[in-house]
Amino acid sequence: MFAARFNLFTLLGFRVVIDVTWFFLAFYLVVTLASRYFPGVVPHQNSYMYVVMGIAGAAGLFLSIVLHEMAHAYTARRFDLPVGDITLFIFGGVAEIRQEPQTPRAEFWVALMGPVASVGLAALFYALMVESGPAHPAASGVFSFLALANTMLALFNLAPAFPLDGGRILRSLIWWRTGNLRRATRISAAGGSVFGAFLVVTGLLQLVNGNMMGGTWLLLIGLFVAAAASQARGITNAAENLRGVRVDDLMERNPVTVAPDLTVERLVRDTIYPQNRKFVVVTEASRAFGFIGPEQIRRVPESQWSETYVRAITEPFTFGTVVSPTATAFEALRKLQANSCRHLAVLEGTTLLGTVSETDFLNYVTLREELALPKKVAAREPATSER
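1 is the number of the first residue of the sequence shown in full-length UniProt numbering; add one for each residue after it.
What the hints contain is simulated information worked out from the structure, not anything from laboratory work.
Here the structure is a predicted model, which is why all the values come from computation and not from measurement.
Each hint can be trusted.
Calculated lysine to aspartate or glutamate pairs in the EDC-like style (CA-CA distance at most 20 Å, straight line): (1) Lys335 x Asp249; (2) Lys278 x Glu315; (3) Lys335 x Asp248.
With the hints as extra help, turn the sequences into a complete structure.
So, in structure tokens, the structure goes:
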């Protein structure tokens, strides 16, 4: 999902990382706050002070986003959901919760605690603004901005539009009321599509009126929300097609494996290219312990392939890259969507049983849809012949 990322810090056991796209957002915020926002709300300051206020305002907002996502992550962990990194990127931040909540109660509380944290931060910054008072206009202006920003962050995220927090809250309530997760997802995703379209139209109107930056921003966020809502509907449709299917029904049972003492040059020459493989499991003494894909190979300059061994670039297996043979196909599909190499190793302990990829799911779903068509046609034929 993300491009290159950089570690920032670790808090409460959660690693906070920055995606490279975040730097565009940070630059835009600092410039906008320093040149437009703060000169309008806190006049009579010098240029240096406005730059300092812009940096402080942007830093405070990003800290607020981290704490918002930290509230999601901490609550998810309390419900025994596996959580990865908290990532800052161009549209804000996201806690990488690697498994969907298994109950409406878990989904409700995980989704709600983000906006609750933002409301709490808004109250804190408002109190600091009041405490600063007219005697410290620069500090008061920054705290005022952060109080407003956290209020807007909470309200925006509470919109009943999946995948925003409000959409997840709506889904949890419908799920609790009906007991039907797929129906709840369809309804909340529809809200996401409508809200995304609203943001896109609003952004286009802003562009027509000459607000290039604001209009572009709303347009991009609207497209992002609409795309995420569409993906949620796709996941729901896939879940219906994969109902009752297990990983061992779909997996490739004789996957390609390589030894760790093979050179990268031989790996590419003898395995990757001839067999068109994007995912190769590394095994030693019948034990599977990692994998190699294009991303791992690209880390080594081609001039060093002949002297670099597979062991040196093997990516160890993690929760997100392995799956049990008895897991549902839908569980595996959700893992695949968070997995940059788009493959999973099917393991029983450390024994490799097979691999499964997005292509396996696509082929299965496509085949089911194709086989369903003749059945429907055949069902209509007797009625036609009787007439």
